[in-house]
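Build the full structure now, drawing on both the sequences and the hints.
Numbering-wise, our numbering comes out as the position in the sequence shown, counting from 1, plus 569.
To be clear, the hints were calculated from the coordinates, so they are not data collected in a lab. This one's a predicted model, so the numbers in the text were calculated from it and none came from an experiment. Heads up, some of the hints might be wrong.
Unchecked claim - The following label-pair restraints were derived from C-beta to C-beta distances:
#1 Gly606 <-> Ser585: 30 to 38 Å
#2 Asp583 <-> Gln649: 17 to 25 Å
#3 Ser633 <-> Ser612: 34 to 42 Å
#4 Ser585 <-> Ser645: 28 to 36 Å
#5 Ser633 <-> Leu608: 18 to 26 Å
#6 Ser642 <-> Ala592: 35 to 43 Å
#7 Gly584 <-> Leu608: 18 to 26 Å
#8 Gly606 <-> Asp583: 29 to 37 Å
#9 Gly606 <-> Ile582: 28 to 36 Å
#10 Ile582 <-> Pro632: 27 to 35 Å
#11 Gly606 <-> Glu586: 16 to 24 Å
What the hints assert, rightly or not - Derived lysine to any residue pairs resembling SDA-like cross-links, with alpha carbons at most 25 Å apart:
#12 Lys651 <-> Leu621
#13 Lys616 <-> Arg581
#14 Lys616 <-> Lys651
#15 Lys616 <-> Ser642
#16 Lys616 <-> Asp583
#17 Lys616 <-> Asp596
#18 Lys577 <-> Leu650
#19 Lys577 <-> Arg630
#20 Lys651 <-> Pro632
#21 Lys577 <-> Asn640
#22 Lys577 <-> Phe641
#23 Lys616 <-> Ile582
#24 Lys577 <-> Glu628
#25 Lys616 <-> Ser633
#26 Lys577 <-> Ala597
#27 Lys616 <-> Ala605
#28 Lys616 <-> Arg630
#29 Lys577 <-> Asp596
#30 Lys651 <-> Ser633
#31 Lys651 <-> Asp631
No residue lacks a Cβ here, since even glycine has one placed at the ideal position from N, Cα and C.
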Amino acid sequence: MLDLSEVKDYLRIDGSEDDTVLALLIDAAINYMTNAGVLESESSLYKLALMLYVSLHYENRDPSAKISGFNFSLESIIMQLK
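Now the structure itself:
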């Protein structure tokens with residue numbers, strides 16, 4: 570399972586001020602993958618998909634920012650995991 574420290578390393582975050590938001594995004598990523606038909610796994614590809622989801626939503630937290638769609642990498646990984 571993906572843990573907070575792995576996500577913080579991936580995003581290069583040193584402080585703890587965003588820990589609550591990051592934990593929420595990790596849970597949302599797991600739920601998203603489940604709803605997309607991808608079963609939880611310990612594979613590195615699954616973890617990477619979770620990190621990409623968290624990264625996308627963490628870096629686009631501004632409510633006025635429009636996310637036109639998930640990036641190709643995340644979509645590709647989801648297709649491979651199905």
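Going through the hints against the structure:
no., hint, in the structure
1, Gly606 <-> Ser585: 30 to 38 Å, "34 Å, holds"
2, Asp583 <-> Gln649: 17 to 25 Å, "32 Å, violated"
3, Ser633 <-> Ser612: 34 to 42 Å, "36 Å, holds"
4, Ser585 <-> Ser645: 28 to 36 Å, "32 Å, holds"
5, Ser633 <-> Leu608: 18 to 26 Å, "35 Å, violated"
6, Ser642 <-> Ala592: 35 to 43 Å, "23 Å, violated"
7, Gly584 <-> Leu608: 18 to 26 Å, "33 Å, violated"
8, Gly606 <-> Asp583: 29 to 37 Å, "36 Å, holds"
9, Gly606 <-> Ile582: 28 to 36 Å, "30 Å, holds"
10, Ile582 <-> Pro632: 27 to 35 Å, "21 Å, violated"
11, Gly606 <-> Glu586: 16 to 24 Å, "34 Å, violated"
12, Lys651 <-> Leu621, "17 Å, holds"
13, Lys616 <-> Arg581, "16 Å, holds"
14, Lys616 <-> Lys651, "14 Å, holds"
15, Lys616 <-> Ser642, "13 Å, holds"
16, Lys616 <-> Asp583, "20 Å, holds"
17, Lys616 <-> Asp596, "12 Å, holds"
18, Lys577 <-> Leu650, "24 Å, holds"
19, Lys577 <-> Arg630, "16 Å, holds"
20, Lys651 <-> Pro632, "31 Å, violated"
21, Lys577 <-> Asn640, "20 Å, holds"
22, Lys577 <-> Phe641, "22 Å, holds"
23, Lys616 <-> Ile582, "18 Å, holds"
24, Lys577 <-> Glu628, "13 Å, holds"
25, Lys616 <-> Ser633, "28 Å, violated"
26, Lys577 <-> Ala597, "16 Å, holds"
27, Lys616 <-> Ala605, "15 Å, holds"
28, Lys616 <-> Arg630, "21 Å, holds"
29, Lys577 <-> Asp596, "15 Å, holds"
30, Lys651 <-> Ser633, "32 Å, violated"
31, Lys651 <-> Asp631, "31 Å, violated"
Going down the numbered hints, you'll see the structure goes against 2, 5, 6, 7, 10, 11, 20, 25, 30 and 31, while the others check out.
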